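Listed below are the residues making up each chain.
Number of protein chains: 2
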Amino acid sequence: MDRQECLSYLRNVATFELVAECKETRARAGLLHTAHGTVETPVFMPVGTQGTVKGLTQRDLADELDVRILLANTYHLYLRPGHELIRRMGGLHQFMSWPRAILTDSGGYQVFSLSGLRKITDGGVTFQSHLDGDRHVFTPESTVDVQMALGSDVMMVLDECPEYPVSHEYARESMERTLAWARAAFLHFRGKIAGQNTGQSLFPIVQGSMFPDLRRQCAEQVVALEADGYAIGGLSVGEPRPLSLEMVEATEPVLPSTRPRYAMGVGMPEELPEYVARGIDLMDCVLPSRNARNGCLFTSQGRVIIKHTRYKDDPRPVDEACGCYTCRTYSRAYLRHLFQAGEISYAVLATRHNIHRYLDIMREIRHAIVLGQFPKYLKAVRTVPVEVE
Amino acid sequence: MDRQECLSYLRNVATFELVAECKETRARAGLLHTAHGTVETPVFMPVGTQGTVKGLTQRDLADELDVRILLANTYHLYLRPGHELIRRMGGLHQFMSWPRAILTDSGGYQVFSLSGLRKITDGGVTFQSHLDGDRHVFTPESTVDVQMALGSDVMMVLDECPEYPVSHEYARESMERTLAWARAAFLHFRGKIAGQNTGQSLFPIVQGSMFPDLRRQCAEQVVALEADGYAIGGLSVGEPRPLSLEMVEATEPVLPSTRPRYAMGVGMPEELPEYVARGIDLMDCVLPSRNARNGCLFTSQGRVIIKHTRYKDDPRPVDEACGCYTCRTYSRAYLRHLFQAGEISYAVLATRHNIHRYLDIMREIRHAIVLGQFPKYLKAVRTVPVEVE
Chain Z
3 MDRQECLSYL RNVATFELVA ECKETRARAG LLHTAHGTVE TPVFMPVGTQ
53 GTVKGLTQRD LADELDVRIL LANTYHLYLR PGHELIRRMG GLHQFMSWPR
103 AILTDSGGYQ VFSLSGLRKI TDGGVTFQSH LDGDRHVFTP ESTVDVQMAL
153 GSDVMMVLDE CPEYPVSHEY ARESMERTLA WARAAFLHFR GKIAGQNTGQ
203 SLFPIVQGSM FPDLRRQCAE QVVALEADGY AIGGLSVGEP RPLSLEMVEA
253 TEPVLPSTRP RYAMGVGMPE ELPEYVARGI DLMDCVLPSR NARNGCLFTS
303 QGRVIIKHTR YKDDPRPVDE ACGCYTCRTY SRAYLRHLFQ AGEISYAVLA
353 TRHNIHRYLD IMREIRHAIV LGQFPKYLKA VRTVPVEVE
Chain R
3 MDRQECLSYL RNVATFELVA ECKETRARAG LLHTAHGTVE TPVFMPVGTQ
53 GTVKGLTQRD LADELDVRIL LANTYHLYLR PGHELIRRMG GLHQFMSWPR
103 AILTDSGGYQ VFSLSGLRKI TDGGVTFQSH LDGDRHVFTP ESTVDVQMAL
153 GSDVMMVLDE CPEYPVSHEY ARESMERTLA WARAAFLHFR GKIAGQNTGQ
203 SLFPIVQGSM FPDLRRQCAE QVVALEADGY AIGGLSVGEP RPLSLEMVEA
253 TEPVLPSTRP RYAMGVGMPE ELPEYVARGI DLMDCVLPSR NARNGCLFTS
303 QGRVIIKHTR YKDDPRPVDE ACGCYTCRTY SRAYLRHLFQ AGEISYAVLA
353 TRHNIHRYLD IMREIRHAIV LGQFPKYLKA VRTVPVEVE
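Taken in order, these protein sequences are the chains called Z and R. Counting in the numbering used here, the first sequence runs from 3 upward without gaps. Counting in the numbering used here, the second sequence runs from 3 upward without gaps.
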């Protein structure tokens, strides 16, 4: 690869640049360069399951919240409207009018959640659509094809995400299947892009349930794939939180520090700095948007459960320290009224706030890392109560 | 009243200024001055039943759509969160963070829709809440009190809105009750504001079902109240559309041309210019927002029923002639996908478009009146097909 090819390559796949590292923890600040813009890490990715973050417009996400990367779900988009339709419409970025970066999962997680409706074989997984019961097959190769049709910047390999708890034996068997699928996915992907520049990166996933030895083994094997980044899956599946963090601690030293690490499906606001302290660069979770809709608002002082009677005539914003449109404009009393009345506008305003809160946390974390004050920040946030007092 | 008092009075109640009149039709362009800004008429008021236009933020309404006046429903706000709570929160403008004008209905229409759950007496109407079955009473006086607590710029008197069809005898009896209630409401309101400037106007309502003689009689009687404006109620209750327009034609010549006329609860996009041609200045309807949510989008070329398969890969905006955020940003294919997936974001984007379309129609109408081209405009819009071809 000559210099020109190299620059072109760097512009078109997800490349990672380290900016600062914490001296006491494993935290680091970086830049993830994608074909759809640069993302400051550590980053939290809002979830746009069906090609939309529920209740927000793309302008809200870009202009107001300054989201740089979104997650979309391959399983949902594959079933409806279909990846071939999205390909015909110019890919997911164009289809949903989102010019910034997109990460898609492989759909594996959703399929494995369809207990009773799916069957695993070594070649892949057969499942029934939750929409109409139709039978479908996902293979390591087909999920790469689907994500290539979507045109996401970061694609994920098909993996098996075991429930918690499982035996060491099942966890090993499942982890080995995930590894074999990852190898098959990479072989297929590299075969398809040979000679072309698709601007897409594929990340393998470390599994191994709650067994540190399996996590380490899996990490060693996926690193051999020389990917642009690595994910840690199978967290937040019902295990106690210290165990999730322990699995990250077992995995992280094996992963190359020059590549971004993505902890899939985490976490609560108070967990974000904990994952970062253990070397995580990317996270995603439906919590800020789903909890918003259910009436749970995250603030710098803990959670506000908006339906509580105590807020019925509370003129204060959800979070006096928050600069989001919702907090700049509306009272807790008004939001409580909208929630009680079942108004869509409640979801719109609450989601905006919760996503803003998550992004604020990530900005605070990154700022602290860059300034060399992350250990102090970590200590301070550990004292914030869960609920507003 | 000296000059200073007069200016202060004009600043604080809804006063009306005629700007232009059509030479062939009864259409006119005007300015409605309220304590919360000036409204260009003819105007369409989006409906914010529970203190929010479903799916839109106040910023969307003010900054993007440039809505100058909203309608809110007294019945709903009285039941939840309660007018006394709203009064304590500084009134409805402050509670919902809406600095522009608000018109509230009296709640009568909603109460009369609760067939089986309400009972009319000469003193008012007893009804059961649709929320919890609790018994409540609305009187001409109490609905003024509730609206004074809300602090709306334009308040409506309690009226009886008979269903269609009713006998001439029932229509007369009902109309006379509405008249007696209007007189009681004005007596109460004027007694309460004596010596103070509340910045609120009260409009009486012309009823009389589909009988021109009753409409005329009712109009003559309400004009004697010397109100700041007059409403025509009891339209769009199931009657054929030519009959609604005929009722407006029977009423309008009786109303003073120096005061705004409000046709309550109308209408379809193609009806807006027809009402204006008959001398109407204000209209409101849930149609643009409700139909948006149900998948019916209004365009300059007719309706788009977004679920139709023909739109599944249609890359065009809903309306190529529309400048709203939705049309500037998203394709019919994407909106159809969001609709099919039941996404909140669909309602958000569709409502924005439909309200924008209604306001565009009103802008076109006003522009045509001011330029003396309204008859030509009316002729042209009468040829637009109902559905996109």
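Hints listed in this document are in silico derivations from the structure and should not be mistaken for laboratory results. Everything numeric in this text was worked out from a predicted model, so none of it was measured. Hints should not be assumed to be uniformly reliable.
Residues from chain R that keep clear of chain Z, each with C-beta distances beyond 12 Å, as calculated [stated by the list, open to error]:
1) G39
2) T51
3) P83
4) D124
5) D230
6) H369
Sample of chain R residues at the chain Z side, in silico, Cβ under 8 Å [what the hints assert, rightly or not]:
7) V225
8) L227
9) R312
10) D315
11) L340
Computed footprint of chain Z on chain R, listed as stretches where at least three residues anywhere in the stretch have a Cβ under 8 Å from a Cβ of chain Z [said to hold, decoys possible]:
12) 17-27
13) 53-59
14) 322-336
15) 349-356
By construction, the Cβ of each residue, glycine as well, lies at the ideal position given by its N, Cα and C atoms.
Okay, the hints, checked on the actual structure:
1. G39: 18 Å, holds
2. T51: 9 Å, violated
3. P83: 4 Å, violated
4. D124: 33 Å, holds
5. D230: The claim holds: D230(R) sits with its nearest Cβ about 29 Å from chain Z, beyond 12 Å.
6. H369: 28 Å, holds
7. V225: 38 Å, violated
8. L227: L227(R) check fails; min Cβ-Cβ to chain Z is 34 Å, beyond 8 Å.
9. R312: 14 Å, violated
10. D315: Holds: closest Cβ of chain Z sits about 6 Å from D315(R), inside 8 Å.
11. L340: OK, holds: L340(R) within 8 Å of chain Z, min 6 Å.
12. 17-27: Coverage by chain Z is violated for the region 17-27 of chain R (0 residues, Cβ < 8 Å).
13. 53-59: Since three or more residues must qualify, the claim that chain Z covers the region 53-59 of chain R holds, with 7 doing so at under 8 Å.
14. 322-336: holds (count 6)
15. 349-356: holds (count 3)
Violation of the numbered hints given earlier is confined to hints 2, 3, 7, 8, 9, 12; the remaining hints are satisfied by the structure.
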